[in-house]
Amino acid sequence: MQCKKHDNGTITMSALDRAVDAKCKDSDGKQRDQGETWLENKYFEKVCKPRGRVEINGCRVDGVDDLLPINSQSTVGNLEYHCEGKDGSYKFYSKVKGQ
Numbered sequence: 001m002q003c004k005k006h007d008n009g010t011i012t013m014s015a016l017d018r019a020v021d022a023k024c025k026d027s028d029g030k031q032r033d034q035g036e037t038w039l040e041n042k043y044f045e046k047v048c049k050p051r052g053r054v055e056i057n058g059c060r061v062d063g064v065d066d067l068l069p070i071n072s073q074s075t076v077g078n079l080e081y082h083c084e085g086k087d088g089s090y091k092f093y094s095k096v097k098g099q
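Under UniProt numbering, residues 1 to 99 are what the sequence shown spells out, in order.
Worth flagging that the hints you see were computed from the coordinates, not collected in a lab. Hints may contain errors.
[Stated by the list, open to error] In silico DSS-like cross-links for lysine-lysine, where the CA-CA straight-line distance does not exceed 30 angstroms:
id	residue 1	residue 2
1	86	46
2	23	91
3	42	86
4	91	49
5	97	25
6	46	25
7	46	91
Given these sequences and hints, build the entire structure.
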């Protein structure tokens, strides 16, 4: 975002456009290339998109080979794994099946 004061006293706020080939930064400040995926907070698989946007692909869990998409669940043995997202907030949790 850019905030600019004009000669007539008005103030405007505008978004700065990032270059199409901009890199992303993970939560540790490490630069990531476009198309690169990584895990954050142990479970969340993120991907670097054009213009430096970071998106969450889903959740990764030991014992589950495939990526759990957002708002899905998977059962392995007696455990249910849940990967949920709503309004920009995401959570992963597991619980004993049937509880």
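Evaluation of the provided hints:
no.: 1; hint: 86 with 46; result: holds, 16 angstroms
no.: 2; hint: 23 with 91; result: holds, 25 angstroms
no.: 3; hint: 42 with 86; result: holds, 19 angstroms
no.: 4; hint: 91 with 49; result: holds, 21 angstroms
no.: 5; hint: 97 with 25; result: violated, 37 angstroms
no.: 6; hint: 46 with 25; result: holds, 11 angstroms
no.: 7; hint: 46 with 91; result: holds, 13 angstroms
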